[in-house]
Amino acid sequence: MKLPIYLDYSATTPVDPRVAEKMMQFLTLDGEFGNPASRSHRFGWQAEEAVDIAREQIADLINADPREIVFTSGATESDNLAIKGAAHFYGKKGKHIITAKTEHKAVLDTCRQLEREGYEVTYLDPQEDGIVTPAQLQEALREDTILVSLMHVNNEIGVIQDIAAYGELCRANKTILHVDAAQSAGKVEIDIQTMKVDLISFSGHKVYGPKGIGALYVSRKPRIRLEAQMHGGGHERGMRSGTLATHQIVAMGEAFRIAKEEMASENERLLALRTRLLDGLSDMEEVYVNGSMEHRVAGNINISFNYVEGESLVMALKDLAVSSGSACTSASLEPSYVLRAIGRDDELAHSSIRFSIGRFTTFEEIDYAVKIIRENIGRLREMSPLWDMYKEGIDISSIEWSHH
Amino acid sequence: MAYSEKVIDHYENPRNVGSFDKEDKSVATGMVGAPACGDVMKLQLKIDDNGVIEDAKFKTYGCGSAIASSSLVTEWVKGKTLEEAGKISNTEISAELALPPVKIHCSILAEDAIKAAIDDYKSKNTAE
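Chains as they are written, first to last, in our numbering: chain A, 1 to 404; chain B, 1001 to 1128.
I should point out that these hints are in silico values taken from the structure, not numbers from a laboratory.
The beta-carbon is built from N, C-alpha and C at its ideal position, and this holds for glycine as well.
Be aware that one or more of the hints could be misleading.
[As the list claims (entries may be wrong)] Computed footprint of chain B on chain A; a stretch qualifies when at least three of its residues, placed anywhere within it, have a C-beta under 8 angstroms from a C-beta of chain B:
1. 337 to 349
2. 379 to 385
3. 388 to 401
Kindly generate the complete structure, drawing on both the sequences and the hints.
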């Protein structure tokens, strides 16, 4: 077993060796290095064919038409293109946009920008389990709502939203639905033929592909128009100019092909690993799972260890690569906005750790993780004045703390 | 975040973790910070008849820098008079631990903890 153990698959995944192998064939003089936009020679034709195959592989995962896939530099760019592109194109129809407080920053910050441009944005408050109910969306929809942007799976707490239900509501209201699927592709079934979604953002590196590549699904039926954010040679049907990164695209295609093929068996294995982790910790006192357990991807578990500060726990767990919702791991000194949005108080948000399990995680690694988590929680609680107070039966919220 | 070796040393081998009886008249207790802010420090000093700190203990909920700052302070105050201990400043603490700018508040908290403990001792011993 190699240390540290990587348990941060929601941040990024290692490239699958099968994907890396494929990717390397599109770089050197011996490989297919051509520009897919070159029409006058076989270097270009071969590269174009490789891109076409990758486009097909990505479309396949969501049962879409390959012509509906636009390549971008990643999910952040896809979110920007979808949200700004649709808002600008349909801005004459209305100026109202709906999203949720637990969305990724790529969505939230893009919406903030649109607010500065004169759009009005409604930020929905999810339930305590992290779910935005269809009823909440229904209530917020207005005649002038042009766009709804809601994520499929949350990056911090892993909860799965009811995209199909949102789709029905948006279609009935003639509103465009954008879904950020960076954390759900290859983990949760997405079928465009049954889900009425208009725009979907994808990332390569969350699905064992390389970083720097992503895609946006843009529906053809109904036809969704976008204002381009990147202008130039008119690539990707004018929606995103820039020479196609053949090697990255081919790699993303291969990664999505593998994801489709192995999703069912992989989910089963991930669930068994997560159950082992949770079972190993569940008898500890004052341990809370953040977000719905029922609607959650197999590879994610987000836990608050009350009375232990998250960053010091991350430091103690130096043999585990995990991330924390604690303020101290961010430059802003604010604890996780996702955990706060689902109503967790600051203390629990500060005490949270996200474990994300993936393709290369082993049972041996999980057992080791359980062991060192238990040891270190014990050690840090022995050092925590709040733990003492809890043990003495003092209600911490009844004390007047000096905020600084 | 990259930490200095001194922070890591204090964090992994914290000095003087523990508690004294806070009802004891010779014990000064300072508790500062807030759980919502992500750090709470409890510093306790045991003061002898000559007003010299003979022992110190701490408990801290907080990040590595907060734990290291309080651990360091327990070492520094021992053998000092209350007046001398009250002069320990956050800049000395942050310099010793090479704290990055976003962690300066941890050293401020440690300074505040000393001051709060001294205040506690004074109010306890002048009340009669």
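Exercise. For this structure, which hints from the list above don't hold up?
Worked result: none
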